[in-house]
Amino acid sequence: METNALSIGFAGLQLENPTMLASGVMGYSAESFHRIAKSGAGAVVTKSVGIQPRVGYVNPTVVQAAAGLINAMGLPNPGIDVFSEEIKFSKTILRVPLIVSVFGYSAEEYATVAKKAAEAGADAIELNVSCPHVKQTGAEIGQNPKILAEVVQQVKASINKPLIVKLSPNVADITVLAEAAVKAGADALTAVNTLKAIAIDAETMLPILANVKGGLSGAAVKPVALRCVYDIAEKFEVPIIGCGGVSNWRDAVEFFLAGASAVQIGTAVADDIEVFRSVTKGVENYLRKKHYRSVKEIVGLAHRK
Amino acid sequence: METNALSIGFAGLQLENPTMLASGVMGYSAESFHRIAKSGAGAVVTKSVGIQPRVGYVNPTVVQAAAGLINAMGLPNPGIDVFSEEIKFSKTILRVPLIVSVFGYSAEEYATVAKKAAEAGADAIELNVSCPHVKQTGAEIGQNPKILAEVVQQVKASINKPLIVKLSPNVADITVLAEAAVKAGADALTAVNTLKAIAIDAETMLPILANVKGGLSGAAVKPVALRCVYDIAEKFEVPIIGCGGVSNWRDAVEFFLAGASAVQIGTAVADDIEVFRSVTKGVENYLRKKHYRSVKEIVGLAHRK
Amino acid sequence: MPTANNTLRTTQIVQIRTESPTVKTFVLPDRLCCKAKPGQFLMLWIPGIDEIPLSIMDASNGLVSVSVKAVGDATRHLHAMAAGATVGVRGPYGNSFTESRGRVLLVGGGTGTAPLLFLAKLLASKTERLSFVEGAKTKDELLFVREIGGVCQEKNIITTTEDGTAGLQCLVTQPLASLLDKDRFDMIYTCGPEIMVKKIFEMTEKRKLPIEASLERLMRCGIGLCGSCVIGKYRVCRDGPVFNAAQLREMKDELGISKLGFDGSRIPI
Amino acid sequence: MPTANNTLRTTQIVQIRTESPTVKTFVLPDRLCCKAKPGQFLMLWIPGIDEIPLSIMDASNGLVSVSVKAVGDATRHLHAMAAGATVGVRGPYGNSFTESRGRVLLVGGGTGTAPLLFLAKLLASKTERLSFVEGAKTKDELLFVREIGGVCQEKNIITTTEDGTAGLQCLVTQPLASLLDKDRFDMIYTCGPEIMVKKIFEMTEKRKLPIEASLERLMRCGIGLCGSCVIGKYRVCRDGPVFNAAQLREMKDELGISKLGFDGSRIPI
Ligand SMILES: Cc1cc2nc3c(=O)[nH]c(=O)nc-3n(C[C@H](O)[C@H](O)[C@H](O)COP(=O)(O)OP(=O)(O)OC[C@H]3O[C@@H](n4cnc5c(N)ncnc54)[C@H](O)[C@@H]3O)c2cc1C
Ligand SMILES: Cc1cc2nc3c(=O)[nH]c(=O)nc-3n(C[C@H](O)[C@H](O)[C@H](O)COP(=O)(O)OP(=O)(O)OC[C@H]3O[C@@H](n4cnc5c(N)ncnc54)[C@H](O)[C@@H]3O)c2cc1C
Ligand SMILES: Cc1cc2nc3c(=O)[nH]c(=O)nc-3n(C[C@H](O)[C@H](O)[C@H](O)COP(=O)(O)O)c2cc1C
Ligand SMILES: Cc1cc2nc3c(=O)[nH]c(=O)nc-3n(C[C@H](O)[C@H](O)[C@H](O)COP(=O)(O)O)c2cc1C
Ligand code: FES
Ligand code: FES
Chain A
0 METNALSIGF AGLQLENPTM LASGVMGYSA ESFHRIAKSG AGAVVTKSVG
50 IQPRVGYVNP TVVQAAAGLI NAMGLPNPGI DVFSEEIKFS KTILRVPLIV
100 SVFGYSAEEY ATVAKKAAEA GADAIELNVS CPHVKQTGAE IGQNPKILAE
150 VVQQVKASIN KPLIVKLSPN VADITVLAEA AVKAGADALT AVNTLKAIAI
200 DAETMLPILA NVKGGLSGAA VKPVALRCVY DIAEKFEVPI IGCGGVSNWR
250 DAVEFFLAGA SAVQIGTAVA DDIEVFRSVT KGVENYLRKK HYRSVKEIVG
300 LAHRK
Chain B
0 METNALSIGF AGLQLENPTM LASGVMGYSA ESFHRIAKSG AGAVVTKSVG
50 IQPRVGYVNP TVVQAAAGLI NAMGLPNPGI DVFSEEIKFS KTILRVPLIV
100 SVFGYSAEEY ATVAKKAAEA GADAIELNVS CPHVKQTGAE IGQNPKILAE
150 VVQQVKASIN KPLIVKLSPN VADITVLAEA AVKAGADALT AVNTLKAIAI
200 DAETMLPILA NVKGGLSGAA VKPVALRCVY DIAEKFEVPI IGCGGVSNWR
250 DAVEFFLAGA SAVQIGTAVA DDIEVFRSVT KGVENYLRKK HYRSVKEIVG
300 LAHRK
Chain C
0 MPTANNTLRT TQIVQIRTES PTVKTFVLPD RLCCKAKPGQ FLMLWIPGID
50 EIPLSIMDAS NGLVSVSVKA VGDATRHLHA MAAGATVGVR GPYGNSFTES
100 RGRVLLVGGG TGTAPLLFLA KLLASKTERL SFVEGAKTKD ELLFVREIGG
150 VCQEKNIITT TEDGTAGLQC LVTQPLASLL DKDRFDMIYT CGPEIMVKKI
200 FEMTEKRKLP IEASLERLMR CGIGLCGSCV IGKYRVCRDG PVFNAAQLRE
250 MKDELGISKL GFDGSRIPI
Chain D
0 MPTANNTLRT TQIVQIRTES PTVKTFVLPD RLCCKAKPGQ FLMLWIPGID
50 EIPLSIMDAS NGLVSVSVKA VGDATRHLHA MAAGATVGVR GPYGNSFTES
100 RGRVLLVGGG TGTAPLLFLA KLLASKTERL SFVEGAKTKD ELLFVREIGG
150 VCQEKNIITT TEDGTAGLQC LVTQPLASLL DKDRFDMIYT CGPEIMVKKI
200 FEMTEKRKLP IEASLERLMR CGIGLCGSCV IGKYRVCRDG PVFNAAQLRE
250 MKDELGISKL GFDGSRIPI
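Which chain is which? The protein sequence lines are A, B, C and D, in order.
With numbering that gives the first Met the number 0 applied, the first sequence has no gaps in its numbers, which climb one by one up to 304 at the end.
With numbering that gives the first Met the number 0 applied, the second sequence has no gaps in its numbers, which climb one by one up to 304 at the end.
With numbering that gives the first Met the number 0 applied, the third sequence has no gaps in its numbers, which climb one by one up to 268 at the end.
With numbering that gives the first Met the number 0 applied, the fourth sequence has no gaps in its numbers, which climb one by one up to 268 at the end.
These aren't lab readings, by the way, just hints derived from the structure by calculation.
Any given hint could turn out to be false.
[Unchecked claim] Dumping the calculated PhoX-like pairs for lysine-lysine here, alpha-carbon to alpha-carbon at most 20 angstroms:
#1 B/Lys90 <-> C/Lys232
#2 D/Lys232 <-> A/Lys90
#3 B/Lys87 <-> A/Lys212
#4 B/Lys145 <-> B/Lys155
#5 A/Lys87 <-> D/Lys36
#6 D/Lys68 <-> D/Lys138
#7 C/Lys232 <-> B/Lys37
#8 A/Lys212 <-> B/Lys304
#9 A/Lys37 <-> D/Lys232
#10 C/Lys232 <-> B/Lys87
#11 B/Lys212 <-> A/Lys304
#12 C/Lys138 <-> C/Lys154
#13 A/Lys234 <-> B/Lys212
Start from the sequences, fold in the hints, and give me the full structure.
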């Protein structure tokens with residue numbers, strides 16, 4: 000098998016393999032991106048960046064649940080001006096696409112941050128319109144198709160780079176939001192961000208996270224994330240990046256079969272930073288065993304009738 | 000401690016302890032209800048019943064996921080006319096409240112079935128407006144506040160028994176649906192039904208469930224279910240029955256602290272039918288250790304400021 | 000909650016043997032079911048078609064065998080498969096026959112013979128005497144004749160066919176009455192059509208003999224949740240499929256009389 | 000993914016000891032952290048306030064101890080707690096010091112002495128010679144003097160204070176130069192303020208001596224996800240907190256110079 004069985008291109012991005020670091024995980028520094036790339040990731044997505052610096056929430060910001068984690072970091076980030084330097088430096092050492100995740104409190108803010116990120120050298124922009132635990136941004140935008148469309152349009156108009164919109168699973172019908180994003184100009188979709196959740200401690204009778212509510216990630220959400228990808232792929236032709244609970248090659252293959260062209264991995268990095276390599280190797284073996292020449296050939300196969 | 004530390008009354012129901020069998024689990028026959036009651040349940044909810052018999056879906060109807068199950072039974076049920084006999088017989092042997100779960104394809108159907116169930120002797124009616132895998136009923140009603148209100152109103156007008164509405168977690172904001180249900184006459188809410196999910200098999204490249212999509216239950220969904228209860232309790236004064244991933248006393252306590260007056264248990268019955276007794280015992284010990292005289296005293300405590 | 004048993008595993012059929020014109024045995028590698036005990040069953044996924052409960056007929060060396068009668072859509076699809084085909088497996092599920100010593104009688108009808116053969120192999124070296132009574136419609140449908148001959152002594156085997164093409168011409172229950180009166184048995188095991196099981200149970204009850212019967216019911220989840228397989232207060236998938244005399248007594252209003260259909264209503268057997 | 004370590008456990012403080020005007024030791028029962036190795040840390044939840052990383056100072060018989068300096072909101076709340084108070088624990092996390100034989104030197108500053116004391120106890124019987132250099136601002140803040148005296152020979156202990164109220168009047172790094180030149184050491188372990196660690200590392204580098212240093216960074220998740228604790232390409236929580244000479248060399252642009260602040264921007268140390 001040629002070594003490029005794993006390479007995949009979509010939305011103007013060219014990936015050597017279809018695994019990416021999910022936003023928010025080890026996502027601040029060029030050295031971290033570099034290390035993740037060396038661990039086998041085909042692309043890296045940065046922590047979500049806004050217009051101003053944010054210190055995020057007090058701890059606890061992460062708590063374990065059954066087969067997953069609940070986090071409420073509160074979008075800590077140094078602001079796009081400071082982060083632009085990190086983007087520039089990253090581009091000098093990184094040999095895989097760097098996707099900058101962006102958030103804002105208005106369409107204008109999203110556009111401003113995205114523009115600066117693109118100018119600093121981002122290979123693509125991912126819009127975080129789905130963070131479930133920060134008020135007035137994140138999911139509040141990602142749950143309303145009209146507001147979402149406006150944000151996507153303004154960002155699209157202000158950058159010349161591929162635009163990925165990361166969707167929230169906390170909606171009644173994700174295809175409505177997907178449609179709004181695509182019609183407004185999204186080149187690809189990431190599905191999905193975390194599920195809105197809470198953890199309460201019986202002993203102290205208190206919510207554990209300082210922010211009370213957070214987002215559930217990890218294996219627990221995989222069946223929901225996979226269903227979101229399946230739902231979108233059933234309705235549109237749009238490149239989808241699957242995200243939620245991927246920790247081994249089998250999970251990744253399930254996402255490809257559901258209709259994803261690539262997968263993002265977040266929580267599983269806690270277990271093993273080399274997860275990108277092991278997933279990629281596993282997918283490669285799978286393709287070989289099944290006599291496929293490219294991962295592209297299996298995208299969406301679970302929909303065949 | 001008096002033995003009635005666990006007893007709780009709400010919405011006109013009086014329970015000896017705050018655990019119930021969730022709808023759909025062992026939910027067809029009087030003998031099963033009786034056995035569940037003997038295993039310590041404070042009330043039992045039947046499988047959801049409609050106006051006509053339904054055979055449900057072909058197998059596979061259940062598949063295991065990380066920390067949970069995905070099921071798509073397809074609402075198999077003998078129809079309310081046949082089931083009325085089972086209700087009548089159940090009432091002759093059952094010493095805990097029997098709650099009949101009802102579904103329909105229109106407000107009229109819901110009302111008709113609920114009326115017959117009430118006439119046959121149901122102690123309360125639970126409306127299943129949240130089944131995520133049967134088209135044109137279930138979640139499609141439970142995701143739309145207007146349709147939901149209409150269904151609740153019609154049912155409420157046709158019965159003289161407590162009316163519980165079981166909500167779907169597959170919505171952007173569960174409090175909107177909760178509000179619609181309460182304003183339309185719901186006496187209590189059950190939160191929540193399953194999360195819409197899918198399982199795909201890498202080897203055969205096929206969705207596993209015959210119905211393709213199903214509902215995720217079990218420990219995986221607990222953080223989401225708990226958040227739904229917390230969200231509702233934050234906004235209204237309405238009795239809430241927590242449901243989703245309860246398998247031990249700690250889970251139950253977390254639901255009480257979040258604002259639930261009782262919990263339903265489904266998936267955990269697969270591990271141990273005596274789960275009702277062990278949960279109840281555990282809650283009792285907890286209350287004693289914490290010097291509470293009644294479970295009522297801890298309902299909603301996680302909201303204290 | 001999530002257990003290894005409940006995880007759906009895909010595997011490839013390694014061998015298919017034709018046992019009769021309507022029954023084939025399928026041999027599958029499976030790490031968990033190969034450790035099953037006689038009486039347990041598995042859920043077999045025929046991809047894209049159905050998932051059905053099947054008694055385990057043999058289990059050893061990483062392999063598990065099931066013997067399947069083609070009766071409908073799923074079983075016919077399975078019969079049409081060739082070695083190498085992919086299927087899914089969950090389990091093993093359910094309880095198993097208890098191990099008895101002394102004089103043991105096994106009574107099998109149809110594919111119900113399969114789990115009894117598995118049990119017989121286990122008991123062969125541990126019992127004082129192992130008797131096997133097997134019945135079928137016709138000679139061709141008498142299953143595992145050779146295998147039973149390998150574990151029981153010739154004189155302890157009785158076969159019956161309805162058309163008289165082999166053994167006695169009668170129902171399997173016929174020779175039982177005199178056998179039970181003539182001989183002392185420490186345990187009777189049975190599996191087969193429910194009418195047969197019911198009759199045998201009536202015979203053992205009359206004589207106050209211990210019995211264990213493996214029952215079949217419509218099964219969906221296989222793990223005690225969906226309620227499809229309920230008989231009386233018992234779930235066949237989880238509390239059974241093997242039930243003893245005390246339990247069978249509790250379900251006498253339904254045994255051989257009615258079962259739950261796909262819609263959960265009671266239908267006559 | 001979900002591990003026992005990562006599960007938040009609540010537990011009650013069983014003992015509180017005052018070590019200095021600013022440092023208290025808290026003893027907690029915890030099934031998992033009581034098995035920690037020297038160098039590992041835990042995340043302590045102060046309910047309703049914060050959750051902070053703390054080095055494990057001792058672990059045995061079901062109990063774990065941490066020594067905490069009151070420096071801000073969380074640590075002051077902790078100091079205000081009484082025995083019996085409920086806290087939450089996750090961990091133990093991170094790697095640990097490697098066990099060396101031969102002649103070993105430990106250099107501690109401030110609460111950095113805590114994990115070194117834990118290590119010293121472990122190494123006492125296994126090494127040829129165990130030397131301890133400890134520094135503090137003033138006599139009152141010299142931690143664990145008695146305990147260190149219990150594991151190291153008097154002549155192998157050097158203490159320094161900035162105000163000269165005990166031991167030598169100088170920084171802890173001062174006596175080190177001559178010690179390292181005079182004596183042969185097979186391993187140097189250090190933990191304390193990063194400026195101190197940096198200086199010591201420069202000294203060991205000059206002399207080509209092996210070293211292991213435990214670092215501190217802002218930590219949120221403690222499990223290698225959030226990126227708060229990154230130094231160079233390493234996550235202090237997951238790849239550390241203990242780093243060897245080769246690793247310290249890789250982070251020399253940041254060690255003692257800058258760290259990530261709460262907003263993820265680089266701030267000077
Ligand atoms: C514990 C148990 C062990 C069994 N062991 C064996 C065995 O070793 N060999 C064997 O050949 N058969 C066995 N069966 C029966 C086997 O499961 C059915 O023959 C099979 O499911 C029929 O499927 P079908 O689609 O081919 O037939 P269908 O056309 O669906 O129906 C044919 C008959 O099978 C019954 N049936 C259908 N689906 C199921 C189901 N999910 N569960 C139970 N019964 C069903 C129907 O009630 C009907 O009477 C067992 C059943 C149970 C419950
Ligand atoms: C691996 C590790 C081991 C540690 N071991 C000990 C120990 O054994 N004893 C001890 O007294 N202290 C230890 N610390 C430092 C301790 O975590 C901080 O002193 C504590 O978090 C301060 O919290 P505060 O709210 O009291 O102070 P704040 O007012 O929040 O801040 C005071 C200082 O502490 C730092 N700090 C605040 N929060 C954190 C955090 N979550 N992680 C790291 N630093 C933080 C700030 O940068 C600031 O410089 C350790 C830190 C790390 C990373
Ligand atoms: C600690 C943590 C921080 C996260 N921060 C962000 C973020 O800043 N922006 C974002 O879009 N998603 C963020 N996420 C969500 C992940 O990118 C991802 O969508 C989610 O965790 C599901 O994937 P996983 O199961 O592989 O972790 C974060 C997740 C975690 C666990
Ligand atoms: C096998 C199965 C069948 C179910 N059938 C129904 C049903 O008929 N009606 C209904 O309202 N909920 C049904 N549910 C959902 C449960 O009542 C419950 O809301 C859900 O499983 C979450 O609770 P748990 O995690 O304790 O199982 C079913 C769940 C399972 C697992
Ligand atoms: S098959 Fe579902 S309970 Fe037995
Ligand atoms: S504290 Fe989160 S990565 Fe280290």
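Original post:
Under the criterion that the straight-line Cα-Cα distance not exceed 20 angstroms, is the pair lysine 232 of chain C, lysine 87 of chain B satisfied?
Top reply: holds, 17 angstroms
Original post:
Can the restraint linking lysine 232 of chain D and lysine 90 of chain A be considered satisfied, given a maximum Cα separation of 20 angstroms?
Top reply: holds, 16 angstroms
Subject >> Hint consistency between lysine 212 of chain B and lysine 304 of chain A [alpha-carbon to alpha-carbon, up to 20 angstroms] >> reply: holds, 15 angstroms
Subject >> Holds or violated: lysine 87 of chain A to lysine 36 of chain D, with C-alpha atoms at most 20 angstroms apart >> reply: violated, 41 angstroms
Original post:
Going straight from one Cα to the other, do lysine 90 of chain B and lysine 232 of chain C come out at no more than 20 angstroms?
Top reply: holds, 16 angstroms
Subject >> Pair hint lysine 68 of chain D and lysine 138 of chain D, alpha-carbon separation not exceeding 20 angstroms >> reply: holds, 15 angstroms
Original post:
Does the structure keep lysine 212 of chain A and lysine 304 of chain B at a Cα separation of 20 angstroms or less?
Top reply: Since the Cα atoms of lysine 212 of chain A and lysine 304 of chain B sit roughly 15 angstroms apart, the hinted pair holds (cutoff 20 angstroms).
Subject >> Hint consistency between lysine 232 of chain C and lysine 37 of chain B [alpha-carbon to alpha-carbon, up to 20 angstroms] >> reply: holds, 11 angstroms
Subject >> lysine 234 of chain A paired with lysine 212 of chain B [C-alpha distance capped at 20 angstroms] >> reply: holds, 15 angstroms
**OP:** Assess, step by step, whether the Cα of lysine 138 of chain C is no farther than 20 angstroms from the Cα of lysine 154 of chain C, and give holds or violated.
**Re:** Distance of about 19 angstroms is within 20 angstroms: holds.
Original post:
Is lysine 87 of chain B close enough to lysine 212 of chain A, meaning Cα to Cα at most 20 angstroms?
Top reply: Roughly 44 angstroms separates the two Cα atoms, so the pair is violated.
Subject >> Restraint check for lysine 145 of chain B with lysine 155 of chain B, where alpha carbons must lie at most 20 angstroms apart >> reply: holds, 15 angstroms
The structure is inconsistent with the numbered hints 3, 5, although it conforms to all the rest.
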